Amino acid sequence: MTDKKIEELLPWHVNKTLEPESSRQVEEYLAGDADARADVEFLRAVRNTLKDQTVQSPGELGLKRFQKQLAETRQVRSAARQWWRPALAAAALVIVVQGGLLVNLWQAETYVPLGGDAPGGPVLQVELNEDATAAALQEALNRVGATIVDGPGALGIYRLRLSADANLDEAIAVLSANTEVVRHVSKE
Amino acid sequence: MDSAERLLERIASGSSEAMADFYRQFESKVYAFALRKLNDPHGSADIVNEVMMAVWQGAGGFQANAKVSTWLLGITHNKVIDRIRKNVRNESEELSETMPDTDRTAAVDLVARAQDAERLSECMERLSQAHREVVHLAFFEDLTYGEIAEIVGCPEGTVKTRMLHAKQNLKRCLSRGL
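Chains Y and U, in that order, give the protein sequences.
Residue 156 in numbering that gives the first Met the number 0 sits at position 157 of the first sequence; the count goes up by one each step and never skips.
Residue 59 in numbering that gives the first Met the number 0 sits at position 60 of the second sequence; the count goes up by one each step and never skips.
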């Protein structure tokens, strides 16, 4: 190893991280070179002084600040993840509506009432909870005998048609009470 | 307390408690390194936050064969570099890399001056950021030149050369007035 290479290793001789073979070569070099020994003394003094310096880090206050920032980040992410819930509910509704239409089409080809279509019942406007699941919505509709005939519109409003013999006020009361699914319901 | 590696595993699975333990274990190391590079306590505290957030988001990417402190100081290095790039600093007082070494007759005095914490700090601050970080990692963290090269993202030969220049510049700065 050249003198220059040895000189380059002196700082790591001082911090004691050299491999044994390199360390042995440095020791040999130091034994015969006063300048290099003076260099080592200087580097050792620098190291000791740096290590003795106390650093006042943020500590527990910094941790509190970090935890607050972490909580805020999580909230933002959580809110960003919520977008799929109403989308999922809307997609489920589309499936239900399409299913209904297909059944109606099939029935239309097979059974045609002589008297024409039965008249529909009253129509309601409902706004659904964004957390509502497809299963809960289906159960709510079945309970009052309603089907979705339109929606969601730009404001997220759905139109439900009750069966002709349904009790309008009772249906509104039942749907209003189902806060898991329905946020708001009114007559059209 | 869990090992640093185990803490990272728990952080990767979303444990806030493990994150707090990790923070307590490593924040002073991150802060000291950032402070050495930036010379700015407030900026360094911000760096601690940014680094810990990176740990929270990237703990799952930690390679088990790596050393946690090397990985962490590498993140710190990159965060500081980003900050410096955003706030380009005037380093006109930075000492030249090609200045001559001091006379060996002053060697004893130089050792005495290197033991003066205030004077050494002044001279450390006048080193370039690249020189300062190598001195810090070698003498404050006691890392090998290979680990330092990994942290700062340069060849081992460059680390050794930077250290050599840093030593010469420290000597020159400390010898003023001798």
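One or more of the hints may lead you astray.
Claimed, not checked - Using 25 Å as the maximum straight-line C-alpha spacing, the simulated DSS-like pairs for lysine-lysine come out as follows: (1) Y:4 with U:28; (2) U:28 with Y:67; (3) Y:3 with Y:15; (4) Y:50 with U:66; (5) U:66 with Y:67; (6) U:85 with Y:15; (7) Y:67 with Y:50; (8) U:28 with U:66; (9) U:28 with U:85; (10) U:28 with Y:50; (11) Y:15 with Y:50.
To be clear, the hints were calculated from the coordinates, so they are not data collected in a lab.
Small disclaimer: the values here were computed from a predicted structure and weren't measured.
Outcome of the hint check:
Distance check on the hinted pair: residue 4 of chain Y and residue 28 of chain U sit about 30 Å apart at the alpha-carbon level, beyond 25 Å; violated. With a C-alpha separation of about 21 Å, the suggested pairing of residue 28 of chain U with residue 67 of chain Y holds against the 25 Å cut-off. Pair hint residue 3 of chain Y plus residue 15 of chain Y holds up; C-alpha atoms about 19 Å apart against a cutoff of 25 Å. Straight-line distance between C-alpha atoms of residue 50 of chain Y and residue 66 of chain U comes to about 21 Å, which keeps the hinted pair within the 25 Å bound.
Between residue 66 of chain U and residue 67 of chain Y the alpha-carbon distance is near 28 Å, which puts this suggested pair outside the 25 Å criterion. Between residue 85 of chain U and residue 15 of chain Y the CA atoms are separated by roughly 37 Å; this puts the pair beyond 25 Å, and the hint is violated. A hinted pair counts as satisfied when its Cα atoms are at most 25 Å apart, and residue 67 of chain Y with residue 50 of chain Y does not qualify at roughly 32 Å. Restraint check for residue 28 of chain U and residue 66 of chain U: the C-alpha separation of about 14 Å stays at or below 25 Å, so the hint holds.
At roughly 23 Å between alpha-carbon atoms, residue 28 of chain U and residue 85 of chain U fall within 25 Å of each other, so this suggested pair holds. Distance hint between residue 28 of chain U and residue 50 of chain Y is fulfilled; the C-alpha atoms sit about 12 Å from each other, no more than 25 Å. Of the pairs offered as hints, the one joining residue 15 of chain Y and residue 50 of chain Y holds, with about 14 Å between alpha carbons and a cut-off of 25 Å not exceeded.
The structure fails to meet hints 1, 5, 6 and 7 from the earlier list, while all remaining hints are met.
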